[in-house]
Amino acid sequence: MIKFVIVFLLADIVLGSVAKQLFFSQKTGKYARTTHVVHDTKADIVVFGSSHAHRHYIPKVIDEELQSTCYNAGAEGQQLLYHTALLKMLVKRSTPKLIVLNIDENFLYTSKVAYDRLSDLHPYYDDYREELKPTLGLRSKLIDFKLFFKSYQANSTIMHVIRYYLSPQEDDHGYRPLFGKLNKNKIPKSKPEEVKEYQEFIDDNFVNALKDFIATSKSKQIKLVFVTSPTFYEVDNVTNKSFTMIREISKEEKVPLLNFFNHELFMNKPSLFHDYSHLNNDGALLFTKQVTNEIKKMKLLK
Amino acid sequence: MSTLVDYFVGHQLHKSAGQPGRKKWLWLSICFNLGLLGFFKYYNFFVASMQNALTSIGFEVENTWTLNIILPVGISFYTFQTLSYAIDIYKGKLKPTNNFIAFAAFVSFFPQLVAGPIERASNLLPQFLSKRNFSYQNFSYGIKLMIWGFFLKLVVADRAAIYVNAVYGNIENHEGLSFVAATILFAFQIYGDFAGYSLIAIGTAKLFSFDLMANFNRPYFAASISEFWSRWHISLSTWFRDYLYIPLGGNRVKKPRWLFNLFITFLISGLWHGANWTFVVWGALNGIYLICEALFLKKKRKGILNVFVTFVLINFSWIFFRAESIGDAFYMIKTIVTNPGRLYVGSGDDIAASLYAALAIGILVLIEVKKEYFDTLFTISNNRFELVRMLGYAMILFLILYFGVFGKGQFIYFQF
Chain D
1 MIKFVIVFLL ADIVLGSVAK QLFFSQKTGK YARTTHVVHD TKADIVVFGS SHAHRHYIPK
61 VIDEELQSTC YNAGAEGQQL LYHTALLKML VKRSTPKLIV LNIDENFLYT SKVAYDRLSD
121 LHPYYDDYRE ELKPTLGLRS KLIDFKLFFK SYQANSTIMH VIRYYLSPQE DDHGYRPLFG
181 KLNKNKIPKS KPEEVKEYQE FIDDNFVNAL KDFIATSKSK QIKLVFVTSP TFYEVDNVTN
241 KSFTMIREIS KEEKVPLLNF FNHELFMNKP SLFHDYSHLN NDGALLFTKQ VTNEIKKMKL
301 LK
Chain X
1 MSTLVDYFVG HQLHKSAGQP GRKKWLWLSI CFNLGLLGFF KYYNFFVASM QNALTSIGFE
61 VENTWTLNII LPVGISFYTF QTLSYAIDIY KGKLKPTNNF IAFAAFVSFF PQLVAGPIER
121 ASNLLPQFLS KRNFSYQNFS YGIKLMIWGF FLKLVVADRA AIYVNAVYGN IENHEGLSFV
181 AATILFAFQI YGDFAGYSLI AIGTAKLFSF DLMANFNRPY FAASISEFWS RWHISLSTWF
241 RDYLYIPLGG NRVKKPRWLF NLFITFLISG LWHGANWTFV VWGALNGIYL ICEALFLKKK
301 RKGILNVFVT FVLINFSWIF FRAESIGDAF YMIKTIVTNP GRLYVGSGDD IAASLYAALA
361 IGILVLIEVK KEYFDTLFTI SNNRFELVRM LGYAMILFLI LYFGVFGKGQ FIYFQF
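So the sequence lines, in the order shown, correspond to chains D and X.
Letter by letter, the first sequence follows residues 1 to 302 of my numbering.
Letter by letter, the second sequence follows residues 1 to 416 of my numbering.
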């Protein structure tokens, strides 16, 4: 039995190390972008958030407008738990001057997939145990045992490695534009129902993650700004408990919130949207300029 | 309660051997056990079905009878296990035990309590009564079974489930080809899930030197439906054979009655799987398959073509098993025929999940083909070189850790 355990552990170390080596060798794709944030970027401004961040903020425009360097660390489908953990790994090595957190109004509503997708952070656990354990521990109490195995750290990553090796997914400092616009003849009068990845209950872990995100930034004297992205349809967030709480927290913590919901420049403008929730490249260009103008006005980089 | 009643009934049956009226003790056991099962599992189903039937003929009835009750875990399994104890004593095949603790342990033996294999008292109960010693060989074999079981569950079943759930959970947005692909994947999902659980249960029992019966024997290599049912969920198939089909007369009756016995056995087997008409239709369909085989196929079937035909027929029946409702199942079948359309592949992570599932199923099929047709060739599990054996199982563990789905997924058969 002991011999088998030794053989298995050796196999895990050898094969798991190969799998991790392959993982970290990626040049493009979502994992490569995360690795760049964790290992390499020295940008002055880093943008965090879900697909809205990833698709709406053009680093080159921010570079030009604010005379600083910018990297877009937005990650599709990821939420506050992930962003907070990513920020902690980033500030261990580098201290940006400004962090932009693109806020989704439902960020504080509980979501199973938000926990499931934390597995994207597993490959970093060996090097960032202290930063990641509080977050990954929310998903499993046995996280130390599970991530003891190198092959588990790289679980389910090989297809991404092969996919982006065969078909690289180019980005521009983390930004990937969406092209195409809404067909104005086929737009429903009211917003179509979406598949909800959340339930409308406030998740205390997500609230704590947001507070932790703010505290981490403050502890490193990093300026922080929250931004909400425009949507095609008018949104009424008066009854949205998640967004109400986010606004209260930003007020309490004195974090400026640039609210672009229902912004007249974007609302009901099909030429600026790829879908009802995401701006296309033209929309992203206009939005990024609006955000940088506001940041200039607030003199956050002075 | 089941344990107490059957322990008591067992003794009463034994004491009253040869006396008139002892049948009442058997009926007490049957009524009590099936009553509990019926109440917890089927009461709400029949109330809702009755209400729907009345509504469909124009009587609007307010439903105030359904109860907010939770199905006790494993009730379908331990009910059959305790029933077999009482029936075997009644038939004189078994003597009741005086050791209540051993009997209670037999009814609620933790590895197989929630999803089988459904053990017989004649096999499992004596093992509680005799002394067992730790055996390194048993322990090692148990671990091997568990490793393979976890591969089937975490890599094969749970990977396939991602595509299956995406399609079956959203049928209005998919076309015929996607339904075919999802159903084939479901065939492997349910096999990986249930055979995986069975192996984990058998392996866990083996660690303590208990022997549980085998529950699966590479069912998708069956060349006929009857052979399939001798390889799939063997503990349930043999239970129904011994305690329902044969008491009904089996095949030693006139042909119409024999065919009725086949049909009713599978109809009830379908209902056992769940309180939904989809399971009833699934059971009935398998009954019809067997009736057709009994009527039209005289020779024992063999060969790859028959294996393929059987696989297709079984897959067709899985549509009813997995669909949310009978209406959904017929909608899917109609769409497969009339609108094959395009195959749903999803994007990004969905494609990766499907590729992992295909890879896992590929590994499973290769290993099962080797075991089924070339078993005397190279072997890893019984290789004479210890290092080869260890490397083989280390590799399976690696595959589990590298490709497995580690969420909070349940075993499908936990719901039955």
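Keep in mind that the hints are not guaranteed to be accurate.
Said to hold, decoys possible - DSS-like mimics (lysine-lysine), calculated; alpha carbons at most 30 angstroms apart, straight line:
1) D:K296 / D:K211
2) D:K3 / X:K255
3) X:K93 / X:K302
4) D:K254 / D:K289
5) X:K299 / X:K93
6) D:K186 / D:K88
7) D:K220 / D:K251
8) X:K144 / D:K3
9) X:K254 / D:K20
10) D:K241 / D:K42
11) D:K3 / X:K93
12) X:K254 / D:K141
13) X:K255 / D:K146
By construction, these hints were calculated from the structure, which means they are not laboratory data.
What you are looking at is a predicted structure, and each value in this text was computed from that prediction instead of being measured.
Structure-based check of each hint:
no.	hint	verdict
1	D:K296 / D:K211	holds, 25 angstroms
2	D:K3 / X:K255	violated, 60 angstroms
3	X:K93 / X:K302	violated, 36 angstroms
4	D:K254 / D:K289	holds, 23 angstroms
5	X:K299 / X:K93	violated, 34 angstroms
6	D:K186 / D:K88	violated, 44 angstroms
7	D:K220 / D:K251	holds, 20 angstroms
8	X:K144 / D:K3	holds, 14 angstroms
9	X:K254 / D:K20	violated, 67 angstroms
10	D:K241 / D:K42	violated, 36 angstroms
11	D:K3 / X:K93	violated, 45 angstroms
12	X:K254 / D:K141	violated, 62 angstroms
13	X:K255 / D:K146	violated, 58 angstroms
In this structure, the hints that do not hold are numbers 2, 3, 5, 6, 9, 10, 11, 12 and 13, in rising order.
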